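Quick note, the sequences are listed as chains A and B, same order.
Per the working numbering, residue 13 is the first one in the first sequence, and the count goes up by one each step.
Per the working numbering, residue 12 is the first one in the second sequence, and the count goes up by one each step.
In case anyone wonders, no lab produced these hints; they're calculated from the structure.
Some clues are possibly wrong.
Derived CB-CB ranges, DEER-like [what the hints assert, rightly or not]:
1. B:Q121 - A:L39: 30 to 36 Å
2. A:T98 - B:T21: 34 to 40 Å
3. B:N33 - A:R25: 34 to 40 Å
4. B:Q92 - A:Q29: 41 to 47 Å
5. A:Q68 - B:Q92: 37 to 43 Å
6. B:Q123 - A:R56: 29 to 35 Å
7. B:Q71 - A:K95: 24 to 30 Å
8. A:K95 - B:V81: 21 to 27 Å
9. A:Q68 - B:Q71: 41 to 47 Å
10. A:Q29 - B:Q123: 43 to 49 Å
11. A:T126 - B:T21: 23 to 29 Å
12. B:Q87 - A:G28: 44 to 50 Å
13. A:K82 - B:Q123: 30 to 36 Å
14. B:P124 - A:K95: 42 to 48 Å
None of these values were measured; they are calculated from a predicted model.
Backbone N, C-alpha and C define an ideal beta-carbon position, used for all residues, glycine too.
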Amino acid sequence: DGGITQSPKYLFRKEGQNVTLSCEQNLNHDAMYWYRQDPGQGLRLIYYSQIVNDFQKGDIAEGYSVSREKKESFPLTVTSAQKNPTAFYLCASSPGLAGGPGGELFFGEGSRLTVL
Amino acid sequence: GESVGLHLPTLSVQEGDNSIINCAYSNSASDYFIWYKQESGKGPQFIIDIRSNMDKRQGQRVTVLLNKTVKHLSLQIAATQPGDSAVYFCAENRGTGRRALTFGSGTRLQVQP
Chain A
13 DGGITQSPKY LFRKEGQNVT LSCEQNLNHD AMYWYRQDPG QGLRLIYYSQ
63 IVNDFQKGDI AEGYSVSREK KESFPLTVTS AQKNPTAFYL CASSPGLAGG
113 PGGELFFGEG SRLTVL
Chain B
12 GESVGLHLPT LSVQEGDNSI INCAYSNSAS DYFIWYKQES GKGPQFIIDI
62 RSNMDKRQGQ RVTVLLNKTV KHLSLQIAAT QPGDSAVYFC AENRGTGRRA
112 LTFGSGTRLQ VQP
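Let the hints inform the model, and build the full structure from the sequences given.
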C-alpha cells in the first residue's frame, strides 16, 4: 500500500542526546514536510523540502536538522540544542507544492518523542 | 502576528445534528484553505479544500464556506456521527509563496449519542 511511514512511533531520549526520526514515503511525491504538535495545539512547521537535495526552514527550525538525499526519505534530527523537544512529530508529503490546489498534505501516523 | 485561529476550542453536538466549526484568518493574501481531521494519536486527514476564488465547496456530508470580506472560514458537517468526533484544523497557505501550510490551533468536536 502507498503511504507515509514514520518510525519509531514512540521514542525516549535523555537530555543532551540527538535523536533522528525517520520518514519514508512511497507515493512518489516531490515535497515533504515536518511539523511539530504540542498538546492541545496546532501543527507548527519545522522544515520542508520541495525537491531532492533542497530544503527550507519553517517557523521553528532552531534545534532541528534535516536531509533530503533521496526522494522517498526525509529524516529529522532533533538535536541537543532544541530546548523543549518533547512533542508529537508529524511528517507529510504532497504531490504538488503544498499551499495550492493539488498540494494537499498526506500525513504519517506521527512519532512521539519524550525527553527524560 | 498574523495567524490562523479558531473561535471555539471544543464543540459538543448531538448525534444526527449538523455541526459548524469556525476558523478566522488574518492574512488577506491567503488564497488556499484546507480542513483536516485528526483522531487521537494519529496524523491529520484531509477533509476538503477551497480556493479563494470560491465561496462554497461541498463534499460528502461536508461543506466549506469562505467569507473573504470578514476573513472567515467554516466547516459544516451534516448529520454528525460518532465517528466524526475528532480535532478539526483549518490551514492556510498565507499566499507568501512559501509552499507550505500554516495550521490553526484546532477545535475538538464531541458527538453525544
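Status of the hints after comparison with the structure:
1. B:Q121 - A:L39: 30 to 36 Å: Taking Cβ atoms as reference, B:Q121 and A:L39 lie about 33 Å apart, which means the hint holds.
2. A:T98 - B:T21: 34 to 40 Å: Given a distance of about 24 Å, which is not inside 34 to 40 Å, the answer is violated.
3. B:N33 - A:R25: 34 to 40 Å: Holds, at about 38 Å.
4. B:Q92 - A:Q29: 41 to 47 Å: 44 Å, holds
5. A:Q68 - B:Q92: 37 to 43 Å: 39 Å, holds
6. B:Q123 - A:R56: 29 to 35 Å: Holds, at about 31 Å.
7. B:Q71 - A:K95: 24 to 30 Å: 43 Å, violated
8. A:K95 - B:V81: 21 to 27 Å: Distance hint for A:K95, B:V81 is violated at roughly 38 Å.
9. A:Q68 - B:Q71: 41 to 47 Å: Since A:Q68 and B:Q71 have Cβ atoms about 35 Å apart, the given range 41 to 47 Å is violated.
10. A:Q29 - B:Q123: 43 to 49 Å: With Cβ atoms ~44 Å apart, the hint holds.
11. A:T126 - B:T21: 23 to 29 Å: Cβ of A:T126 to Cβ of B:T21: about 26 Å, so the range 23 to 29 Å holds.
12. B:Q87 - A:G28: 44 to 50 Å: 49 Å, holds
13. A:K82 - B:Q123: 30 to 36 Å: 47 Å, violated
14. B:P124 - A:K95: 42 to 48 Å: 43 Å, holds
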